[in-house]
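Chemist: The chain contents come next:
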Amino acid sequence: MNEQGTRPNESTLLAVGGAGFLMLAAFFLWRDLALPPAAMLIAAAVTASVAATLQWPRRWPALAPAALLVTSAWGGLWYAALTSPALLPALAVTAAGSIAALAIRESSGVWPASAWARRLTWYAAGAAFLAATWALYFYFFTLGVASESVVRRLIPTLVWLAVGLALLVAGRTRAAPPAQVGIVLMAVALAKALFYDTTHMYGPSRVAVLGAVGTLLLAGARMLQRVPAAAARGDA
Amino acid sequence: MTPHARAGAAALVTATAVLTAPLAGCWGSSDINPFARPPAPAGPVIATPIDADAVAISEPSPWIVRYRVTLPPMCAALAGGTLKLRFTARLDGAKVDAFVEGPRQRVAVLHGKRVGGDTVAVPLAPGTLDTVDVWVHRRLRSPPVIRDAVVERPDGARG
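First to last, the protein sequences are chains C and G. Throughout, this note's numbering is defined as the position within the first sequence, counted from one, plus 183. Throughout, this note's numbering is defined as the position within the second sequence, counted from one, plus 460.
Bear in mind the hints are in silico, worked out from the structure with no lab data behind them. Even glycine gets a Cβ: it sits at the ideal position worked out from N, Cα and C. Watch out, some of these pointers could steer you wrong.
[Claimed, not checked] Derived coverage of chain G by chain C (criterion: at least 3 residues anywhere in the stretch with Cβ under 8 angstroms from a Cβ of chain C; other residues may be distant):
1. 520-527
2. 546-559
[Unchecked claim] Distance windows between CB atoms, simulated:
3. C/ALA217 to G/THR579: 24 to 34 angstroms
4. G/LEU600 to C/PRO295: 36 to 46 angstroms
5. C/SER332 to G/ILE517: 30 to 40 angstroms
6. G/THR579 to C/ALA298: 46 to 56 angstroms
7. C/ARG405 to G/ARG528: 52 to 62 angstroms
8. C/VAL342 to G/ARG564: 19 to 29 angstroms
9. G/ALA516 to C/ILE338: 45 to 55 angstroms
10. C/VAL199 to G/ARG528: 55 to 65 angstroms
[Said to hold, decoys possible] Not the full set, but computed from the structure, chain C residues with beta-carbon under 10 angstroms of chain G:
11. SER194
12. GLY259
13. TRP261
14. ALA264
15. LEU265
16. THR266
17. SER267
18. PRO268
19. TYR322
20. GLY327
21. VAL334
22. THR381
23. TYR385
24. SER388
Just need the whole structure built from these sequences, with the hints factored in.
Modeler: In structure tokens:
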């Protein structure tokens, strides 16, 4: 093997070694500072959000969105298990970072050649939005201002359904990432309306949530009828 | 700065402000929730502490902790009384079920109530009662540890 051929391997080894020592240093710093476990999620959320917003690393454009997606899923499951308020800032940072990264990329219209970068950025924004809105709703409504009112339960249903419908209409075709995220949000909202709201709400509030869901779906159907031409072209 | 960068920065600021501004009161101290309902002002009450030996703790499943509180004889017949179980840490929205039991009755008085603070208040149904059965669905939280238990009743109620 000649000298030119060995250089990339050596640089890779040095990079892997350097990353390993940095991770070791971070581990001991973490242990010595005795930070709470929720701080780990905040650190991950901030790092992933900054990387996704600055579109770093350029060589692997799907890495930061994938990290955001993992962070939001991890944070959402963690909150579901413990409902600790200490996790709320991390969930909010993840949502803000993923939505900001998405807005910057979509407004510039410049995406990497790999389709996965755009897909993962949309999926991360959708997952982070879902986890953060649910956690914030639980803290500020279920345990806060509306702790004694079951009417609060229609808030997430309608918000998720409205946002999902808007993304489905904006995505125009089911294969487009925004539409896929919209369909998932709609599925969550409709499942909640059908299996939870109908059994955990009573009287006028149950009628109101089911009526509002039906009205939103009809409005969505009407809006989708206005973009059939674009859909038929497969324009995403 | 390009228009795209300005739009991105504006989106970042807006999204951050919208999502993090309400959290100003909940980071650092979980005791502060600016949106929490203030407790209703209560009149004078007579508080009867419950002895620690009167609380039997068990775990019927890995996710549930059960507290069976034997009421002292003087609290057997109460009008408008409340049993308060205070824990060493907040329950952070754990679901709580509670039943009051007497010689011929077992009545559910709390059903899946979310408790965010560190106190579970169980309303005592009218009639002769001897036991209060409280189920805390802790899920993956560490088991709640009782700090103290007390029966409160309005001053002037018959006991």
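Chemist: Among the hints numbered above, which are violated by the structure, and what are their numbers in rising order?
Modeler: 1, 8, 9, 11, 12, 21, 22, 23 and 24
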